[in-house]
Amino acid sequence: MASAYTQPMQALIDALSRLPGIGPKSAQRIAFHLIKCEERDVEQLSSAITKAKTMVKFCQRCFNFSESDLCQYCGDDRRDATTICVVEESRDVIAIEKTREFSGQYHVLLGTINPLDGVGPEQLKIRELLQRIEPQGVKEVILCLNPNTEGDVTSMYLARVLRPLGVKVTRIASGLPVGGDLEYADELTLGRALEGRREVVG
Amino acid sequence: MILRHLHLSNFRNFIDAQVSFTSGVNAIVGTNGQGKTSLAEALGFLSTTKSFRGVPTEAMIRDSTHTAFIRARVLHADGREVTIDARLTNQGRNQVLVNGKKLPKIRDLLGILRTTVFSPDDLDLVKSGPHLRRDYLDDTLAALAKKYDALRLDVDRIVRQRNAVLKQSGGRLNSAVASMLDLWDEKFSISGTQLGAARLELAEKLTPLIVHAYEELAQRPSDITISYSPEWLTVGLAKSLVEARVEDLRRLITTVGPHRDDFEITINSLPARTHASQGEQRTMALALRLAVHRLIGEQVGETPILILDDVLSELDPDRARSLLQHFPVGQVLITTASELPVEAHIAKKVEIRGGTIISAPESD
Ligand SMILES: [Zn+2]
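Top to bottom, those sequences are chains A and B.
Residue numbers are given in the numbering used here: position 70 of the first sequence equals residue 70, and the series is strictly consecutive.
Residue numbers are given in the numbering used here: position 198 of the second sequence equals residue 198, and the series is strictly consecutive.
Certain hints may be false.
[To be verified] Far from chain A, some chain B residues (derived; all Cβ distances over 10 angstroms):
| no. | residue |
| --- | --- |
| 1 | Ile15 |
| 2 | Gln161 |
| 3 | Ala164 |
| 4 | Val165 |
| 5 | Arg321 |
[Unchecked claim] PhoX-like mimics (lysine-lysine), calculated; alpha carbons at most 25 angstroms apart, straight line:
| no. | chain 1 | residue 1 | chain 2 | residue 2 |
| --- | --- | --- | --- | --- |
| 6 | B | Lys146 | B | Lys105 |
| 7 | B | Lys102 | A | Lys25 |
| 8 | A | Lys25 | B | Lys50 |
[To be verified] Simulated DEER-style distance windows between Cβ atoms:
| no. | chain 1 | residue 1 | chain 2 | residue 2 | range |
| --- | --- | --- | --- | --- | --- |
| 9 | B | Lys50 | A | Ile30 | 51 to 61 angstroms |
| 10 | B | Ala59 | A | Asn148 | 26 to 36 angstroms |
| 11 | A | Val161 | B | Glu231 | 52 to 62 angstroms |
In short, the hints are calculated from the structure, not lab data.
Model, not experiment: these values are computed from the prediction.
All C-beta atoms, glycine included, are put in the ideal place defined by N, C-alpha and C.
All chains, please: the whole structure from these sequences, using the hints.
Take a look at the structure:
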């Protein structure tokens, strides 16, 4: 198909539309915005991208973002190495850390099983997770994946490959937002919270 | 639930139009192409965020403009008055505000404005293949409880993912493919069975209501059977998937499960889809909508607004008369090209000419 734009402009639009969550319309809008920007702002953006790309790496153990070989959690001896919380992306680590409820280590899968996107178990950091179990003496793996189709299936797969190794596999209950009245809770969330109920210890 | 007021701007051929409605039967009169169906479509959009004509957003925005607005004031049974604002745009996302507040998820709109729409296209519900009848059941489930909206999306997603595994296998079963199929089958068995069980329970509740609505319209007892009885639901989905695996690998698609179900209707022991007359099919399509209308009213305690688009030109005179005499409870909006007979007990008449609304004073 012949393009209505000059070659550099089309190349920029194509590159932007390959980013997650950016459709062709948004890519066009961002491209136009960038061309209209001050030279200085564009340079700032492109150097921020280059710098982040060279400085930020993946932790060799858990695949969280890290500036050194081991991330701040894997490198901290005070954290419990026998409990691992498995998440999809590094941003989930940040969300869990904010709760201050978890003092174990993480493992970032870098995605979920998603055949439509060509992602099977081999494309995820699952082998690397299994290799941590024995050396670290892991007792419990907490699956903390998104409660959607792919997250559910990935949890099922992980439970299947982890249980034979003799570790306890648990899953977070998708619960209610704290501070919200029960009566106003979305029935979907409330239903999920009921499914994930626990015995009250007293 | 009662629609009090509707305001449209740049919606279809309406530049800026406002109209009030009353409880009871509201007739929207206009010759074809004047915009009466668009009025019904705007309301349908507010309750489902989709056009019942099955067109994209762009088609609802007036030519040479970029944004359309719909505002409706609705009175709920508990006395609450709710204002819904929708902004439709061909540049970016549509936006919906309820009482001036943005909705976190479009799904949250379910239940704020409930409508039952019957349009001439609904003939396809009876005449076409099974997928519209599956949607009919699933749309009703979603209207009864939000969790079913999530469940149908889950099932749809599972089927597409499982089909991707089959395609990538190229039809060859090695241990990696078998392990992936086992995994998706386990997930499919759980979610698919939940959907099948919900459809079955719903079909059992709807059947007597459909038969009743049909007989009321036809004004005589009729020999109708309606059945939702997929084989996989009796056998068990897990077992059915194992049995179908060779066939699935040969055809590279998932050949068994809720995505292939039908809700079969017979009239006089013959399939309505292929053997009923056009008149019987239209009556059945209307009966299917009226049954859902009644069920939702009973189950959620809030009768939806019944929107009948051009129904009178579609039914034969006897059936049309019996519809007008047996309007269900609640507010009715009926669009028509010709004047309605006195049996309709019109509470308010609204006339539409070239995208302009001419309201007549309310009568009793
Ligand atoms: Zn780490």
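Tested hints:
1. With a least beta-carbon separation of about 26 angstroms from chain A, Ile15(B) lies farther than 10 angstroms from that chain, consistent with its non-interface assignment.
2. With a closest Cβ-Cβ approach of about 5 angstroms to chain A, Gln161(B) is found to fall inside the 10 angstroms limit, against its non-interface label.
3. Not every beta carbon of chain A lies more than 10 angstroms from that of Ala164(B), the smallest distance being close to 4 angstroms; the non-interface claim is violated.
4. The beta carbon of Val165(B) is not kept farther than 10 angstroms from every beta carbon of chain A, the shortest such distance being approximately 5 angstroms.
5. At roughly 42 angstroms from the closest C-beta of chain A, the C-beta of Arg321(B) stays outside 10 angstroms, upholding its exclusion from the interface.
6. With a C-alpha separation of about 12 angstroms, the suggested pair Lys146(B) and Lys105(B) falls inside the 25 angstroms cut-off, and the hint holds.
7. Between the alpha carbons of Lys102(B) and Lys25(A) the distance comes to roughly 23 angstroms, so the proposed pair stays at or under 25 angstroms and holds.
8. Between the alpha carbons of Lys25(A) and Lys50(B) the distance comes to roughly 21 angstroms, so the proposed pair stays at or under 25 angstroms and holds.
9. Restraint check, Lys50(B) to Ile30(A): a C-beta distance of roughly 28 angstroms breaks the suggested window 51 to 61 angstroms.
10. Distance hint for Ala59(B) and Asn148(A): a CB-CB separation of about 31 angstroms, consistent with the stated range 26 to 36 angstroms.
11. Separation of Val161(A) from Glu231(B) is about 33 angstroms and departs from the stated range, judged on CB atoms against 52 to 62 angstroms.
Hints 2, 3, 4, 9 and 11 from the earlier list are contradicted by this structure; the remaining hints agree with it.
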